[in-house]
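By my numbering, the letter at position 148 of the sequence shown is numbered 148, and the numbering carries on one by one without gaps.
Among the hints, a few may not be true.
No farther apart than 25 Å at their CA atoms in a straight line, the calculated lysine-lysine pairs in the DSS-like style are these [unchecked claim]:
hint	residue 1	residue 2
1	27	140
2	140	53
3	181	106
Between beta-carbon pairs, the in silico distance windows are [stated by the list, open to error]:
hint	residue 1	residue 2	range
4	29	118	22 to 28 Å
5	88	114	30 to 36 Å
6	168	123	16 to 22 Å
7	137	72	35 to 41 Å
8	74	142	30 to 36 Å
9	135	72	32 to 38 Å
10	182	37	47 to 53 Å
11	69	160	24 to 30 Å
Source of the hints: derived by calculation from the structure; they are not laboratory data.
We put the beta carbon where it would ideally sit given N, CA and C, even for glycine.
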Amino acid sequence: MRVIYFLSILVFAQIQMFGQNVWMVTKSMVHFTSDAPLEMIQAESSGLQGALKTDDRSFVFRAPMNTFEGFNSALQKTHFNTNYLETAKFPFTIFEGKIIEEIDFKTPGTHQVRGKGKFTCHGVEQERIIKCKIEIQKDKIVVTSDFTVLLDDHNIKIPSVVNQKIAEEIQVKLEAVLTPKK
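The whole structure should be built from the sequences, with the hints applied where relevant.
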(Lines of atoms letter the chains of each structure in order from A and count residues from 1; the text may use other names and numbers.)
(Lines give C-alpha, C1' and ligand atoms only; values in the text may rest on other atoms or scores of the structure.)
Protein backbone atom coordinates (compact mmCIF):
# COMPACT_ATOMS: atom_id res chain seq x y z
CA MET A 1 0.00 0.00 0.00
CA ARG A 2 2.80 2.42 0.86
CA VAL A 3 4.47 1.78 -2.48
CA ILE A 4 1.28 2.60 -4.44
CA TYR A 5 0.69 5.70 -2.31
CA PHE A 6 4.30 6.84 -2.79
CA LEU A 7 4.17 6.25 -6.55
CA SER A 8 0.89 8.18 -6.77
CA ILE A 9 2.48 11.12 -4.96
CA LEU A 10 5.48 10.98 -7.31
CA VAL A 11 3.23 10.99 -10.38
CA PHE A 12 1.25 13.97 -9.11
CA ALA A 13 4.47 15.78 -8.09
CA GLN A 14 5.87 15.22 -11.58
CA ILE A 15 2.70 16.64 -13.13
CA GLN A 16 2.97 19.70 -10.88
CA MET A 17 6.29 20.62 -12.54
CA PHE A 18 4.69 21.31 -15.91
CA GLY A 19 3.06 24.56 -17.02
CA GLN A 20 -0.17 25.58 -18.69
CA ASN A 21 -0.56 22.34 -20.61
CA VAL A 22 -1.69 20.57 -17.44
CA TRP A 23 -5.40 20.28 -16.68
CA MET A 24 -6.52 19.05 -13.26
CA VAL A 25 -9.77 17.37 -12.21
CA THR A 26 -11.83 19.93 -10.29
CA LYS A 27 -15.20 18.17 -10.30
CA SER A 28 -16.07 14.51 -10.85
CA MET A 29 -18.57 11.73 -10.45
CA VAL A 30 -17.79 8.03 -10.74
CA HIS A 31 -20.77 5.68 -10.63
CA PHE A 32 -20.70 1.89 -10.60
CA THR A 33 -23.44 -0.68 -11.00
CA SER A 34 -23.39 -4.36 -10.12
CA ASP A 35 -26.47 -5.88 -11.76
CA ALA A 36 -26.63 -9.46 -10.49
CA PRO A 37 -29.54 -11.94 -10.70
CA LEU A 38 -30.70 -11.33 -7.11
CA GLU A 39 -29.64 -7.76 -6.43
CA MET A 40 -28.60 -4.49 -8.03
CA ILE A 41 -25.93 -2.51 -6.22
CA GLN A 42 -25.09 1.08 -7.11
CA ALA A 43 -22.67 3.55 -5.58
CA GLU A 44 -20.91 6.74 -6.57
CA SER A 45 -18.00 8.93 -5.60
CA SER A 46 -17.04 12.52 -6.31
CA GLY A 47 -13.49 11.84 -5.17
CA LEU A 48 -11.81 11.18 -8.54
CA GLN A 49 -8.44 12.92 -8.80
CA GLY A 50 -6.40 13.35 -11.92
CA ALA A 51 -4.49 15.31 -14.47
CA LEU A 52 -4.17 15.53 -18.25
CA LYS A 53 -1.04 16.88 -19.92
CA THR A 54 -2.19 18.16 -23.30
CA ASP A 55 1.19 18.50 -25.03
CA ASP A 56 1.80 14.73 -25.01
CA ARG A 57 -1.78 13.52 -24.23
CA SER A 58 -0.64 11.73 -21.06
CA PHE A 59 -2.98 11.33 -18.11
CA VAL A 60 -3.31 9.87 -14.66
CA PHE A 61 -6.57 9.38 -12.78
CA ARG A 62 -7.11 7.77 -9.40
CA ALA A 63 -10.26 7.03 -7.46
CA PRO A 64 -10.07 6.60 -3.68
CA MET A 65 -12.13 3.44 -3.31
CA ASN A 66 -13.37 4.18 0.22
CA THR A 67 -15.18 7.33 -0.98
CA PHE A 68 -18.04 5.47 -2.67
CA GLU A 69 -21.49 6.10 -1.20
CA GLY A 70 -24.84 4.54 -1.96
CA PHE A 71 -25.13 0.77 -1.68
CA ASN A 72 -28.26 -0.92 -0.37
CA SER A 73 -27.14 -0.94 3.27
CA ALA A 74 -24.33 0.16 5.56
CA LEU A 75 -23.30 -3.49 5.91
CA GLN A 76 -22.99 -3.79 2.13
CA LYS A 77 -20.65 -0.78 2.06
CA THR A 78 -18.57 -2.33 4.85
CA HIS A 79 -18.27 -5.61 2.92
CA PHE A 80 -17.31 -3.66 -0.23
CA ASN A 81 -14.47 -1.88 1.58
CA THR A 82 -13.32 -4.65 3.91
CA ASN A 83 -13.94 -8.00 2.23
CA TYR A 84 -14.01 -7.42 -1.53
CA LEU A 85 -11.90 -4.41 -2.50
CA GLU A 86 -9.83 -4.41 0.69
CA THR A 87 -9.52 -0.63 0.56
CA ALA A 88 -7.15 -0.45 3.55
CA LYS A 89 -4.66 -2.52 1.53
CA PHE A 90 -5.55 -1.19 -1.96
CA PRO A 91 -6.87 2.36 -1.43
CA PHE A 92 -6.93 3.53 -5.06
CA THR A 93 -7.95 2.41 -8.51
CA ILE A 94 -5.56 4.11 -10.94
CA PHE A 95 -5.58 4.56 -14.71
CA GLU A 96 -2.40 6.05 -16.16
CA GLY A 97 -1.51 6.30 -19.83
CA LYS A 98 -1.95 8.27 -23.04
CA ILE A 99 -4.75 9.27 -25.35
CA ILE A 100 -4.19 7.37 -28.60
CA GLU A 101 -5.77 9.88 -30.99
CA GLU A 102 -4.28 13.29 -31.84
CA ILE A 103 -6.41 16.15 -30.51
CA ASP A 104 -6.16 19.91 -30.89
CA PHE A 105 -6.82 20.93 -27.30
CA LYS A 106 -6.88 24.62 -28.27
CA THR A 107 -10.00 24.28 -30.44
CA PRO A 108 -13.42 23.73 -28.83
CA GLY A 109 -15.13 20.52 -29.91
CA THR A 110 -16.07 16.98 -29.00
CA HIS A 111 -13.81 14.00 -29.66
CA GLN A 112 -14.35 10.26 -29.31
CA VAL A 113 -10.98 8.92 -28.18
CA ARG A 114 -9.33 5.95 -26.54
CA GLY A 115 -7.07 6.04 -23.51
CA LYS A 116 -4.41 3.34 -23.42
CA GLY A 117 -2.51 2.58 -20.27
CA LYS A 118 -2.15 0.73 -17.01
CA PHE A 119 -5.39 0.20 -15.11
CA THR A 120 -4.73 -0.90 -11.53
CA CYS A 121 -7.55 -2.11 -9.30
CA HIS A 122 -7.24 -4.21 -6.14
CA GLY A 123 -3.46 -4.22 -6.65
CA VAL A 124 -3.68 -5.92 -10.05
CA GLU A 125 -2.37 -3.97 -13.03
CA GLN A 126 -3.73 -4.55 -16.52
CA GLU A 127 -3.05 -2.93 -19.86
CA ARG A 128 -6.38 -1.45 -20.98
CA ILE A 129 -7.82 0.63 -23.77
CA ILE A 130 -10.85 2.59 -22.55
CA LYS A 131 -13.09 4.62 -24.85
CA CYS A 132 -14.12 8.08 -23.73
CA LYS A 133 -15.55 11.34 -24.96
CA ILE A 134 -13.57 14.54 -24.52
CA GLU A 135 -15.41 17.83 -24.85
CA ILE A 136 -13.09 20.80 -25.12
CA GLN A 137 -14.66 24.06 -24.03
CA LYS A 138 -13.24 27.55 -23.61
CA ASP A 139 -12.16 27.16 -20.00
CA LYS A 140 -12.59 23.47 -19.24
CA ILE A 141 -12.33 19.94 -20.58
CA VAL A 142 -15.12 17.45 -19.81
CA VAL A 143 -14.25 13.75 -19.97
CA THR A 144 -16.97 11.08 -19.90
CA SER A 145 -16.60 7.32 -20.18
CA ASP A 146 -18.54 4.08 -19.74
CA PHE A 147 -16.56 0.87 -19.29
CA THR A 148 -16.60 -2.45 -17.48
CA VAL A 149 -14.37 -3.98 -14.84
CA LEU A 150 -14.28 -7.76 -14.51
CA LEU A 151 -13.80 -8.90 -10.92
CA ASP A 152 -11.76 -11.95 -11.98
CA ASP A 153 -9.31 -9.71 -13.87
CA HIS A 154 -8.39 -8.04 -10.59
CA ASN A 155 -8.50 -11.03 -8.23
CA ILE A 156 -11.60 -9.74 -6.46
CA LYS A 157 -13.13 -12.83 -4.88
CA ILE A 158 -16.82 -13.08 -4.07
CA PRO A 159 -17.91 -15.82 -1.62
CA SER A 160 -20.26 -18.38 -3.16
CA VAL A 161 -22.93 -17.57 -0.57
CA VAL A 162 -23.44 -14.11 -2.18
CA ASN A 163 -22.32 -14.74 -5.77
CA GLN A 164 -25.89 -14.30 -7.06
CA LYS A 165 -25.99 -10.85 -5.45
CA ILE A 166 -22.79 -9.43 -6.94
CA ALA A 167 -22.17 -9.27 -10.69
CA GLU A 168 -18.91 -10.57 -12.13
CA GLU A 169 -18.86 -7.58 -14.48
CA ILE A 170 -19.14 -4.10 -12.95
CA GLN A 171 -20.40 -1.22 -15.10
CA VAL A 172 -18.57 2.06 -14.50
CA LYS A 173 -19.63 5.53 -15.67
CA LEU A 174 -17.61 8.61 -15.02
CA GLU A 175 -17.59 12.30 -15.73
CA ALA A 176 -14.70 14.57 -14.88
CA VAL A 177 -14.33 18.30 -15.37
CA LEU A 178 -10.76 19.48 -15.78
CA THR A 179 -9.53 23.06 -15.60
CA PRO A 180 -6.07 24.51 -16.29
CA LYS A 181 -3.56 24.13 -13.50
CA LYS A 182 -2.84 27.53 -12.03
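Tested hints:
1. 27 / 140: Roughly 11 Å between the alpha carbons, so the hint for residue 27 and residue 140 holds.
2. 140 / 53: Given that 25 Å is the threshold and the Cα spacing comes to 13 Å, the pair holds.
3. 181 / 106: Within the cut-off at roughly 15 Å; holds.
4. 29 / 118: 22 to 28 Å: With a Cβ separation near 23 Å, residue 29 and residue 118 satisfy 22 to 28 Å, so the hint holds.
5. 88 / 114: 30 to 36 Å: Since the Cβ atoms of residue 88 and residue 114 sit about 33 Å apart, the hinted range of 30 to 36 Å holds.
6. 168 / 123: 16 to 22 Å: Once the Cβ atoms are compared, 19 Å apart, the range 16 to 22 Å for residue 123 and residue 168 holds.
7. 137 / 72: 35 to 41 Å: At 37 Å between Cβs, range holds.
8. 74 / 142: 30 to 36 Å: 33 Å, holds
9. 135 / 72: 32 to 38 Å: At roughly 33 Å between Cβ atoms, residue 72 and residue 135 fall inside 32 to 38 Å, so the hint holds.
10. 182 / 37: 47 to 53 Å: Taking Cβ atoms as reference, residue 182 and residue 37 lie about 49 Å apart, which means the hint holds.
11. 69 / 160: 24 to 30 Å: 28 Å, holds
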